[in-house]
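K.L.:
Residue strings, one per chain:
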Amino acid sequence: MNPLDTKKNYQNYVDQKSPNSPIVKNCLNSFWVGGLICVIGQFIWEACKQNGLETEICTTIVSIILVFISAFLTALNIFNRIGKFAGAGSLIPITGFANSIVSPAMEYKSEGYVMGVGSKMFTVAGPVLVYGISASIVVGIVYAIFGFGG
Amino acid sequence: MKKIGNQTIVFDAPPTVLETACIGGPKEANGPLAKYFDQVLDDEFWGEKSWEKAESKIIKETVNKVVAKSGLAQDKIGFCFAGDLLNQCISSGFGLRDLNVPYFGIFGACSTFVEGMSLAAIFAESGIADYALCATSSHFCSAEKQFRFPLELGNQRPQTSQWTITGAGATIVASSGKGPFITSITPRQNSRYGNKRCK
Chain A
49 MNPLDTKKNY QNYVDQKSPN SPIVKNCLNS FWVGGLICVI GQFIWEACKQ
99 NGLETEICTT IVSIILVFIS AFLTALNIFN RIGKFAGAGS LIPITGFANS
149 IVSPAMEYKS EGYVMGVGSK MFTVAGPVLV YGISASIVVG IVYAIFGFGG
Chain B
660 MKKIGNQTIV FDAPPTVLET ACIGGPKEAN GPLAKYFDQV LDDEFWGEKS
710 WEKAESKIIK ETVNKVVAKS GLAQDKIGFC FAGDLLNQCI SSGFGLRDLN
760 VPYFGIFGAC STFVEGMSLA AIFAESGIAD YALCATSSHF CSAEKQFRFP
810 LELGNQRPQT SQWTITGAGA TIVASSGKGP FITSITPRQN SRYGNKRCK
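Residue numbers (our numbering), protein chains in the order written: chain A, 49 to 198; chain B, 660 to 858.
With the rest of the complex left out, here is chain B (with noise of 0.2 Å):
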């Protein structure tokens, strides 16, 4: 690989998009990528006590997903990169911590899959890892507790607001494969749009 411009990398060997899988909430379920998700879930609890939980498995069973869907063993993956929108990344730590697979955990907001991709395939280019895992997830109910508002709240959204999706997303990188493939990266520079330093 190599560094072209101010800001992006180019691999020679383009590392490929092993296998993905996703988990979606139920309001992701009445939506129009409904059908693209591997698994719906009809409760925003899942079973679990609170929404952090509810996201930690969340997470955990995408990732289990992935890893049975590719046919991989376990110990086959070299480096996991996830993420999430809580403290400390609670989701993907806690609801990664059985996979005995050596951890790095990023912060990238809506980038954070993107981030861990980027990461990922620069481990799989190198040659230190085949095979390299990214995840990310959110959950509706934790990321309002975490930024916004609590859901008791009797305040009015705008028509436009945003929603954070519940749900997760993993894939596996691998080294090398039949694609799609990461041909090259561009993070963009971490300075405020119409700012000075912005070159």
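This is chain A alone, in the form it adopts within the complex (with noise of 0.2 Å):
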């Protein structure tokens, strides 16, 4: 018996007999759901304008007022929710990088504030803060060389 041809053949047993996820589905309530989530973005800026603010301190407040209401959904334990219904439409925006931030610190909690919240807060975004930091990092030295890419 070959071993890697009954890998492969255990793994095409399992696919078949598991269910596909029904991807047309998830797609388009991720679709949705993110859209709707740049449009409660983009009335806030508008407001902002509105109010006379200039253009980057109203897409400072965007994000602010974002991060909040996703990490206040969050410890209401519906971010959740939202995100087992919307997957990537509700992660991949800011709210989802507010929710990996809040849910460690929530579950975490019962080690203690020091080696519980503190340590354990960045398990989820921490990744995504050292590589996002350090490939602007890259670019800006590219940029600062050679004056372009940046």
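Careful, some of the hints might be misleading.
[Claimed, not checked] Restricting the straight-line Cα-Cα distance to at most 27 Å, the calculated cross-link-like pairs of lysine-lysine (BS3-like) are:
id: 1; chain 1: B; residue 1: K686; chain 2: A; residue 2: K157
id: 2; chain 1: A; residue 1: K168; chain 2: B; residue 2: K712
id: 3; chain 1: B; residue 1: K708; chain 2: A; residue 2: K168
id: 4; chain 1: B; residue 1: K686; chain 2: A; residue 2: K65
id: 5; chain 1: B; residue 1: K837; chain 2: B; residue 2: K694
id: 6; chain 1: B; residue 1: K712; chain 2: A; residue 2: K157
id: 7; chain 1: B; residue 1: K686; chain 2: A; residue 2: K132
id: 8; chain 1: B; residue 1: K708; chain 2: A; residue 2: K157
By construction, these hints were calculated from the structure, which means they are not laboratory data.
Got two chains here, separate frames each, mind docking them using the hints?
P.N.:
Now the structure itself:
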């Protein structure tokens, strides 16, 4: 018996037996929920603009408000239900980032404020931050030397 | 007992499973196996303040149940083998500390229970202990926290993803009795499937 063949056969068997995810439905839900979050963001942005704030400040305020709403809904045990329904639609916007920091903070509160909340808060978001910032440094160096790509 | 082949131990006088007990969580209470549990819980916390404390309580109560069902005095039990999925096996460590039975903490993930029963059978057959206790526990919430993501994280699970049980099981292995018997044990070789080192 060839081990590689068996492994492949087993995978085929599993694929055959396991139900497929409803991809079309998931994509649609993801699309409209993600779109709705962006529309809410745009709405806040326009409201700020109407009140005479500068463009950059408007953008910051949008982020702050969306992060707050997401963190608040996470604490109320509502955001994870939205996430289950919408997947990437709610996870990819800044709302998902807020959720990924607040949820470990809640989960690890039982281990104390320093070793629990303090050290475990970034278990999910940490890699995104490390490689996001690292990538931006690399791009920044390239830009500083060659004056393009940034 | 003697060893046959590469990795199998055969018992001359097979030890027996004297008594069993198990407690299941709220999800298990709604499943097809609910009627086989000695007790099912309607609350994942069971009055405790953290998932870990709840899991510890579940294994403690399960062990108390199996000892009570067997009718044995606690000092008759020679050794106990227990483990769970958490760091330093804290559920079983804390859950069994009032038992006053020499304790081996074991870790085998899914195989912890069988691992415990294998060791208990060797102890029972060798004459070191007439009765040996094995127990294991897991808790969906503490396992998710330990190995996967926080419960509040808004991610999606595939339809075929596994769900760690909330519950505990315990059994007492005796050196002789009416059965069911443990006639032989075969641990697997700890080698990767398809790896060249695997014979």
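K.L.:
Take the hints in turn and mark each one as holding or not.
P.N.:
Verification of the hints:
no., hint, in the structure
1, B:K686 x A:K157, "holds, 25 Å"
2, A:K168 x B:K712, "holds, 19 Å"
3, B:K708 x A:K168, "holds, 19 Å"
4, B:K686 x A:K65, "holds, 24 Å"
5, B:K837 x B:K694, "holds, 24 Å"
6, B:K712 x A:K157, "holds, 14 Å"
7, B:K686 x A:K132, "holds, 18 Å"
8, B:K708 x A:K157, "holds, 11 Å"
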